[in-house]
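Colleague: Model the placement of chain A on the given structure of chain L, informed by the hints.
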Amino acid sequence: MSTGNNKTLPAFEGGPGGVYSARTKAVDTPYLLEVQHLKVYFPVHGGLFSRVRGYIRAVDDVSFAVRPRTTVGLVGESGSGKTTIGQTLVRLIRPSSGSIRYQGKEISKMGKRAFFPYRKKMQMIFQDPFNSLNPRMSIEQILSEPLDIHFSSLGPGQKRKQVLKLLDLVGLGQNSLPRYPHEFSGGQRQRIGIARALAVEPEFIVCDEPVSALDVSVQATIINLLQDLQEELGLTYLFIAHDLAVVEHVSDEVLVMTQGRIVEQADSETIYRAPQHPYTKKLLKAVPKV
Amino acid sequence: MSIQRHQSASPEPGILEVRNLCVDFHAHGQVCRAVDHISLGIAQGQVLAVVGESGSGKSVTGLALTRLLPPPPGCRVQGEVLYQGRNLLTCAPKELRKYRGRHIAYVFQEPGTALNPVFSIEYQIAEAIKLHRPQTKNPRREIIEALDMVGIDQPEKRIGNYPHQLSGGMQQRVMIAMALACRPRILVADEPTTALDVTIQAQIMALLKDVQEQMGMSILLITHNFGIVSGFADQVAVMRQGRIVEQGACARVLSQPEHVYTRALIECIPVLGRKAHRLPSIESLQSETAEEMTGHEHGK
Numbered sequence: 315m316s317t318g319n320n321k322t323l324p325a326f327e328g329g330p331g332g333v334y335s336a337r338t339k340a341v342d343t344p345y346l347l348e349v350q351h352l353k354v355y356f357p358v359h360g361g362l363f364s365r366v367r368g369y370i371r372a373v374d375d376v377s378f379a380v381r382p383r384t385t386v387g388l389v390g391e392s393g394s395g396k397t398t399i400g401q402t403l404v405r406l407i408r409p410s411s412g413s414i415r416y417q418g419k420e421i422s423k424m425g426k427r428a429f430f431p432y433r434k435k436m437q438m439i440f441q442d443p444f445n446s447l448n449p450r451m452s453i454e455q456i457l458s459e460p461l462d463i464h465f466s467s468l469g470p471g472q473k474r475k476q477v478l479k480l481l482d483l484v485g486l487g488q489n490s491l492p493r494y495p496h497e498f499s500g501g502q503r504q505r506i507g508i509a510r511a512l513a514v515e516p517e518f519i520v521c522d523e524p525v526s527a528l529d530v531s532v533q534a535t536i537i538n539l540l541q542d543l544q545e546e547l548g549l550t551y552l553f554i555a556h557d558l559a560v561v562e563h564v565s566d567e568v569l570v571m572t573q574g575r576i577v578e579q580a581d582s583e584t585i586y587r588a589p590q591h592p593y594t595k596k597l598l599k600a601v602p603k604v
Numbered sequence: 044m045s046i047q048r049h050q051s052a053s054p055e056p057g058i059l060e061v062r063n064l065c066v067d068f069h070a071h072g073q074v075c076r077a078v079d080h081i082s083l084g085i086a087q088g089q090v091l092a093v094v095g096e097s098g099s100g101k102s103v104t105g106l107a108l109t110r111l112l113p114p115p116p117g118c119r120v121q122g123e124v125l126y127q128g129r130n131l132l133t134c135a136p137k138e139l140r141k142y143r144g145r146h147i148a149y150v151f152q153e154p155g156t157a158l159n160p161v162f163s164i165e166y167q168i169a170e171a172i173k174l175h176r177p178q179t180k181n182p183r184r185e186i187i188e189a190l191d192m193v194g195i196d197q198p199e200k201r202i203g204n205y206p207h208q209l210s211g212g213m214q215q216r217v218m219i220a221m222a223l224a225c226r227p228r229i230l231v232a233d234e235p236t237t238a239l240d241v242t243i244q245a246q247i248m249a250l251l252k253d254v255q256e257q258m259g260m261s262i263l264l265i266t267h268n269f270g271i272v273s274g275f276a277d278q279v280a281v282m283r284q285g286r287i288v289e290q291g292a293c294a295r296v297l298s299q300p301e302h303v304y305t306r307a308l309i310e311c312i313p314v315l316g317r318k319a320h321r322l323p324s325i326e327s328l329q330s331e332t333a334e335e336m337t338g339h340e341h342g343k
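So the sequence lines, in the order shown, correspond to chains L and A. Per this note's numbering, residue 315 is the first one in the first sequence, and the count goes up by one each step. Per this note's numbering, residue 44 is the first one in the second sequence, and the count goes up by one each step.
So that you can see chain A by itself, here it is in the shape it has in the complex:
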């Protein structure tokens, strides 16, 4: 573990520090360690990408940051998540509510399921604003501005729409607008483009980068695809089976991956114009049992 901690030391003091985070799930008398002593740091205005396959514990890490995981005994979180000197894992629920949304906002994985189907998008974004910035005078105008910022055409008209009236890309934009409405300092984006087409993916990633630079926000990007990491993230942490196997500056990790697993993850992406007969796969690295366990855990 000492190596990991050494690696995670970022040059500037981080806005969010994760130290020795451990997440255990208890089910059927068995314990499954989803996250195993990981340490991360996100610097102010920087993007940290957590990359790993499904079941590697990357989403659980994201959820654990603001205690969005189920309470014990089903799930036990240990370690420290330090934000402004406070440990989010132990602070009182009331204090935690102050940080959630306002300071640390989320963009969840599947916009289709994360949005509430029975409320208009205006209502859903207004909810966040009402809760976290009650002094806001004209929430409607703010919502329109937020929708405009994420590139939705004619936001005045779209504001009354329900999620089913929007395409997947638009839903994801609404999710981002909702997260940004409270001007958070940290955005946790959990697979923001996985459900989307490559063309829309490129648009959404460009949008996130744009907004991040405008607002000086920090982003924790959770993804399985190294393809979207390059040109977007400053730091990269590669996770496998609950552990961080490699961590470092994005350019370095991509050009000179040290760990075999990182290399495999990068190589298994098909590259245009380089037509190998077989794609390198990392099946051999992954034990059958691990795959089965993840299958149980996430209902996949």
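The shape of chain L in the complex, shown without the other chains:
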């Protein structure tokens, strides 16, 4: 990603709608994740019998690819469709059309059962650490639930050991186990959210605005943590944020999104040095400068 070239994805020379033969690249791809012509439309109901009146094009023909062990940043303002993309990748939302390939395998049209092993490989860290943890579950329950589902063969002792390992990874103490989410600060809660995502030993994590709800000082520690974990565990991130400075800091490559479309994609240096699209320039201008 250090080529300094505006088109770092050779597979997509033509950009969205370009010539890309789906069959030739199906196996042996350098990418962990490939998204092509992804569209997510939400129906708008209205009138008598609430018929479908139209569609909201949340994601409109988006293509990109993610190399293993790298971070791709996705930046845009609220309503641009970036969270929808993240949720579609981990199949919290079904795409309307387009393809999502994970290690060369098409996953967007898989059945529930066939997709199950991929849930383990792809995890998500949610935006709001105040709403994404169940207030009625202790930290131990929150962290062992994914283990119950994906590692059901583990005994209680092993499970506990794994949970303790997770807490240690994200820098929380053993005394957190019996406590509940409300007893933690925002930064600590986001650590718990990260530990939960790591519980099933994923390869790919969608970080959906993991630091937007946090103070700048806490934001720095969480970003550092995510970067340390990436090195330690060889993770791949799709990092979603609205702050270009944050995205530029963590990403190898940046996608700029507005109104459901990717308007610019380049490595993070180029995005900063030579922004092409007027919207990218606007985003750059909006970054507060000290």
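These are calculated hints, taken from the structure and not from any lab test.
Derived PhoX-like pairs (lysine-lysine); straight-line CA-CA distance at most 20 Å:
1) A:Lys252 - L:Lys603
2) L:Lys434 - L:Lys479
3) L:Lys599 - A:Lys252
From a predicted model like this one, the values you see are computed outputs, not experimental measurements.
Modeller: Using the frame of chain L, we list chain A on its own:
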């Protein structure tokens, strides 16, 4: 404390003077000092930014100015808040009501929760005008003007909207319009852009600056982000664990921070084009217990 008082002496007589403000919260038989002997001064037509992490006591300071904190025994406020020679902390409730809104107005942190969901924005802004400026002849026109001033498109149409029909940025604009409707002399803006996108943030800050210059208002800006302070504030006070650790002219504090903590707060903001491997963090400066306590206190 003597050092702090010395530092807070502003060149001109302040429109609002805070002296030795102390706020204690009592809970479960324990006392937590959220604000610890702070002194601040805001000059006429100037912007003072109070910067600190969550739990540093900056919002509590803002709330204490007009006694918006819960009454004793849950919370005890000591010290002096002087406005036009009157101590707002001890004056009669009736007198205090005269100042609230009319002289000192608030823009609260989360517009989504601060606006009342069951009333239209016209009703909510009209409420403020009716209460503080009862002689106003045509409140509707004033509201439309206020909405226009904060940059809401087609204010005549938007006036009947309910908060849920507006985006976060628009809600924040309505909050600002509401605060400005009474032409206050001091505006307390408590994290006015924290819930918003950076692009909207830039718009709102520009709007506040615009209005402040137009009306010659003083602003107390409460924020955790040094990024929005530069180019906006005249004076800066940095708070940590209830105390002011550094105070001075904005340009000076930003370019030559004296306190380690101030430096850490400034450095932890990612800067475009300066890609360090790790962001400097201030975790090491913050004790675990302090973080836990703030977690309890603000329900965070």
